[in-house]
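*Asks:* Let chain R serve as the given structure and place chain S on it in line with the hints.
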Amino acid sequence: MKFGEFLKDLRIRKGLKLRDVEKATEISNSYLSQVETGKRNPPHPDILKKLAPVYGVTIGELMTKAGYLEQEMTVQKEDMTQEQELDWAFNIVKNDPLYKEGARDIGDGEITPDVKRFVIQMYERYTGRKLLTK
Amino acid sequence: MATLKDFCIEVMDPAEDEAKVDPERTADEFVRFYSLPKIVTLGRLQGLAKFLGIKKISPNKLPESFRGYHFGSDGNYEIQYRQQDWVGSAEHTVLHEIYEIIEDTLDGLFVEFVRRQGTALERAADTFAASVLMQTEHFLSDVYEESLDVLKLQKKYGRAYSSIILRMKRVMNNRHSFFAVIYEPRIQNQVYVNEFGIVIDKKYFIENFVCRYLVKTSDIKPNRKHGRLLWCFLPRKKHHVMLDSVAYYVLTEQRSAFRERVEGFDMFGYDDLSIIARPVAWNGQISKVIVIGIPQKENQLLRGQIDRISPLMLYKSFQII
Numbered sequence: 001m002k003f004g005e006f007l008k009d010l011r012i013r014k015g016l017k018l019r020d021v022e023k024a025t026e027i028s029n030s031y032l033s034q035v036e037t038g039k040r041n042p043p044h045p046d047i048l049k050k051l052a053p054v055y056g057v058t059i060g061e062l063m064t065k066a067g068y069l070e071q072e073m074t075v076q077k078e079d080m081t082q083e084q085e086l087d088w089a090f091n092i093v094k095n096d097p098l099y100k101e102g103a104r105d106i107g108d109g110e111i112t113p114d115v116k117r118f119v120i121q122m123y124e125r126y127t128g129r130k131l132l133t134k
Numbered sequence: 135m136a137t138l139k140d141f142c143i144e145v146m147d148p149a150e151d152e153a154k155v156d157p158e159r160t161a162d163e164f165v166r167f168y169s170l171p172k173i174v175t176l177g178r179l180q181g182l183a184k185f186l187g188i189k190k191i192s193p194n195k196l197p198e199s200f201r202g203y204h205f206g207s208d209g210n211y212e213i214q215y216r217q218q219d220w221v222g223s224a225e226h227t228v229l230h231e232i233y234e235i236i237e238d239t240l241d242g243l244f245v246e247f248v249r250r251q252g253t254a255l256e257r258a259a260d261t262f263a264a265s266v267l268m269q270t271e272h273f274l275s276d277v278y279e280e281s282l283d284v285l286k287l288q289k290k291y292g293r294a295y296s297s298i299i300l301r302m303k304r305v306m307n308n309r310h311s312f313f314a315v316i317y318e319p320r321i322q323n324q325v326y327v328n329e330f331g332i333v334i335d336k337k338y339f340i341e342n343f344v345c346r347y348l349v350k351t352s353d354i355k356p357n358r359k360h361g362r363l364l365w366c367f368l369p370r371k372k373h374h375v376m377l378d379s380v381a382y383y384v385l386t387e388q389r390s391a392f393r394e395r396v397e398g399f400d401m402f403g404y405d406d407l408s409i410i411a412r413p414v415a416w417n418g419q420i421s422k423v424i425v426i427g428i429p430q431k432e433n434q435l436l437r438g439q440i441d442r443i444s445p446l447m448l449y450k451s452f453q454i455i
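As you go down the protein sequences, you meet chains R and S in turn.
Numbering-wise (the numbering used here), the first sequence opens with residue 1 and increments by one.
Numbering-wise (the numbering used here), the second sequence opens with residue 135 and increments by one.
Hints were generated in silico from the structure; no laboratory data involved.
If you're wondering where the values come from, they're calculated on a predicted model, not measured in any experiment.
Do not take every clue at face value.
Simulated pairs of lysine-lysine, DSS-like, Cα-Cα distance not exceeding 25 Å [to be verified]:
hint	chain 1	residue 1	chain 2	residue 2
1	S	Lys290	R	Lys94
2	R	Lys2	S	Lys154
3	R	Lys94	S	Lys189
4	S	Lys195	S	Lys184
5	R	Lys8	R	Lys94
6	S	Lys355	S	Lys336
7	S	Lys154	R	Lys39
8	R	Lys130	S	Lys190
9	S	Lys372	R	Lys130
10	R	Lys116	S	Lys195
11	R	Lys14	R	Lys49
12	S	Lys172	S	Lys355
13	R	Lys23	R	Lys39
14	S	Lys286	S	Lys303
15	S	Lys355	S	Lys337
16	R	Lys49	R	Lys8
17	R	Lys17	R	Lys50
18	R	Lys130	R	Lys116
19	S	Lys336	S	Lys372
20	S	Lys195	S	Lys139
21	S	Lys336	S	Lys172
22	R	Lys39	S	Lys139
23	R	Lys94	S	Lys336
24	R	Lys94	S	Lys195
25	S	Lys372	S	Lys355
26	S	Lys189	R	Lys116
27	R	Lys94	S	Lys154
28	S	Lys154	S	Lys372
29	S	Lys190	R	Lys116
30	R	Lys116	R	Lys49
31	R	Lys94	R	Lys39
32	R	Lys130	S	Lys139
33	S	Lys336	S	Lys371
Some chain S residues near chain R, calculated using beta-carbon distances under 8 Å [unchecked claim]:
hint	residue
34	Leu196
35	Pro197
36	Gly202
37	His204
38	Ser207
39	His230
40	Leu243
Where a beta carbon is used, it is the ideal one built from N, C-alpha and C, also for glycine.
Bound conformation, chain R alone:
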């Protein structure tokens, strides 16, 4: 589930409207709506801090879902296939809100393994983190 959908789900389960959340957190309802529909990236951690108590979850949970913290892996990294590791690493890159990237694409927008590997390698070079072992 994408972060926006997760946030919307939490809000609906708490029986809150966007305006209620705006009142409690002073975060604009139009901004929240865009986050929920995926038009905006996950909010900054400072905003998540304000949202967590209203939604009744921990800040850690929101940070994980927003991609600030790595998710607990269902498969141990060393047991992953090359393809699984590529997807896992690509997901981390795409969900890092402090890292932005984009391409002038001439293809049909398909994300091939080559594209994923390239994007991850650029991320590794930029952040100094090592994600791929295979």
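*Replies:* Chain S alone, transformed into the frame defined by chain R:
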């Protein structure tokens, strides 16, 4: 010099709608804000980079589907372009990536701003790049000065022919009716002429040229009184050069051609079009045919070009463009 954040605040400031920015207006502002010259080079963009928070612009071996790539975070970006691209393409790519960084920066600065996604972002970034590289005021004045000569404009601006005709359509829109077509060979580097320059297989030679690019203002369409049948005489993408069209004569006669009057293609009553077609040679062979059409009543716009190149004059008033 002001940073990219300063620019973003400036560009957003007068806008009533903070949800988006117009890429063409953003380009005009960008040129003004950073005092860019009429011809923007890669070197100039590299010099500007540090003020934009871009630490490096460089060629790289990119995945096949990428022409350019940017990555990083606020004030610390890097832009890469495809190492095998020619300089004109690299300049376009760098500006394309700069626009995406501008949208990222606006997204971080203004809560109401909605960053474009997918093809909408690609299109906006391409419009921005073309508008910086062919700045409306200068470009329009050069279009008139060169009497719509695409080959001259290509040399002057160092852009692809397809970019030139797209930009011509954009700047001429609402001023003149206009259409342009580029034919290119389906199969490259075929030998059609013998050592005396005579075309060996005429039919195969003509039909190998297909319409790759077609741009036109919305008012170029068959006049109602002539019926919709005339649509079939307008060039269509992926279709080959038609028999007796102006491009046909360019290919068979191996020189430019001009047809002063083609009837029935303007909905606003001018009724007729004037068509000029030019060959582009590469390694002694025709590699492209560029066709430009404007209303016949405005064909004085082409006068300078016609005087300069003395094209083959096609007087017969056939419908085929």
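*Asks:* Determine for every hint whether it applies to the structure shown.
*Replies:* Each hint tested on the structure:
no.: 1; hint: S:Lys290 - R:Lys94; verdict: violated (41 Å)
no.: 2; hint: R:Lys2 - S:Lys154; verdict: holds (24 Å)
no.: 3; hint: R:Lys94 - S:Lys189; verdict: holds (22 Å)
no.: 4; hint: S:Lys195 - S:Lys184; verdict: holds (23 Å)
no.: 5; hint: R:Lys8 - R:Lys94; verdict: holds (20 Å)
no.: 6; hint: S:Lys355 - S:Lys336; verdict: violated (30 Å)
no.: 7; hint: S:Lys154 - R:Lys39; verdict: holds (12 Å)
no.: 8; hint: R:Lys130 - S:Lys190; verdict: holds (22 Å)
no.: 9; hint: S:Lys372 - R:Lys130; verdict: violated (47 Å)
no.: 10; hint: R:Lys116 - S:Lys195; verdict: holds (14 Å)
no.: 11; hint: R:Lys14 - R:Lys49; verdict: holds (17 Å)
no.: 12; hint: S:Lys172 - S:Lys355; verdict: violated (34 Å)
no.: 13; hint: R:Lys23 - R:Lys39; verdict: holds (22 Å)
no.: 14; hint: S:Lys286 - S:Lys303; verdict: holds (16 Å)
no.: 15; hint: S:Lys355 - S:Lys337; verdict: violated (28 Å)
no.: 16; hint: R:Lys49 - R:Lys8; verdict: holds (16 Å)
no.: 17; hint: R:Lys17 - R:Lys50; verdict: holds (16 Å)
no.: 18; hint: R:Lys130 - R:Lys116; verdict: holds (15 Å)
no.: 19; hint: S:Lys336 - S:Lys372; verdict: holds (19 Å)
no.: 20; hint: S:Lys195 - S:Lys139; verdict: violated (30 Å)
no.: 21; hint: S:Lys336 - S:Lys172; verdict: violated (43 Å)
no.: 22; hint: R:Lys39 - S:Lys139; verdict: holds (22 Å)
no.: 23; hint: R:Lys94 - S:Lys336; verdict: violated (54 Å)
no.: 24; hint: R:Lys94 - S:Lys195; verdict: holds (21 Å)
no.: 25; hint: S:Lys372 - S:Lys355; verdict: holds (19 Å)
no.: 26; hint: S:Lys189 - R:Lys116; verdict: holds (23 Å)
no.: 27; hint: R:Lys94 - S:Lys154; verdict: holds (23 Å)
no.: 28; hint: S:Lys154 - S:Lys372; verdict: violated (35 Å)
no.: 29; hint: S:Lys190 - R:Lys116; verdict: holds (22 Å)
no.: 30; hint: R:Lys116 - R:Lys49; verdict: violated (31 Å)
no.: 31; hint: R:Lys94 - R:Lys39; verdict: holds (15 Å)
no.: 32; hint: R:Lys130 - S:Lys139; verdict: violated (31 Å)
no.: 33; hint: S:Lys336 - S:Lys371; verdict: holds (22 Å)
no.: 34; hint: Leu196; verdict: holds (7 Å)
no.: 35; hint: Pro197; verdict: holds (5 Å)
no.: 36; hint: Gly202; verdict: holds (4 Å)
no.: 37; hint: His204; verdict: holds (6 Å)
no.: 38; hint: Ser207; verdict: holds (5 Å)
no.: 39; hint: His230; verdict: holds (5 Å)
no.: 40; hint: Leu243; verdict: violated (12 Å)
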